[in-house]
Amino acid sequence: MATPWNGAMRVLRDVSIQRTEGDGLQAVSHVPGIAGEDMTLDVIGAGTTLGLKVRVIDSRPVMIEGAVRHRIRLALVNVADDAAVRAVTEVAAVAEAM
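Using my numbering, read the sequence shown as starting at -7 and increasing by one per residue.
In short, the hints are calculated from the structure, not lab data.
The reader is advised that the hints may include incorrect statements.
Calculated cross-link-like contacts (lysine to aspartate or glutamate; reagent style DMTMM-like; alpha-carbon spacing at most 25 Å) [claimed, not checked]: (1) Lys45 <-> Asp15; (2) Lys45 <-> Asp6; (3) Lys45 <-> Asp30; (4) Lys45 <-> Asp34; (5) Lys45 <-> Glu57; (6) Lys45 <-> Glu13.
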């Protein structure tokens, strides 16, 4: 019997992202998150794409428009990412206001 390999799999899913108070992010997804899991969150906005390292804090099912979704609380792993997220969300807010 061959020795099994270790690996990682990246699965792309569309999520809606919101900032929470403090330094957190919240995602709404069709699938639950796993508490403690580290992942990369690609945030697209204001003509920029950021790859953020995040950790799942918790995941809870919620009803949205009659369908079960999962609200996933995320923490930024890299403190420098927080400044980048703030810059992109500020630019996006200004663009929406125009």
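Hint numbers the structure violates, sorted upward? Hint 5 contradicted; others consistent.
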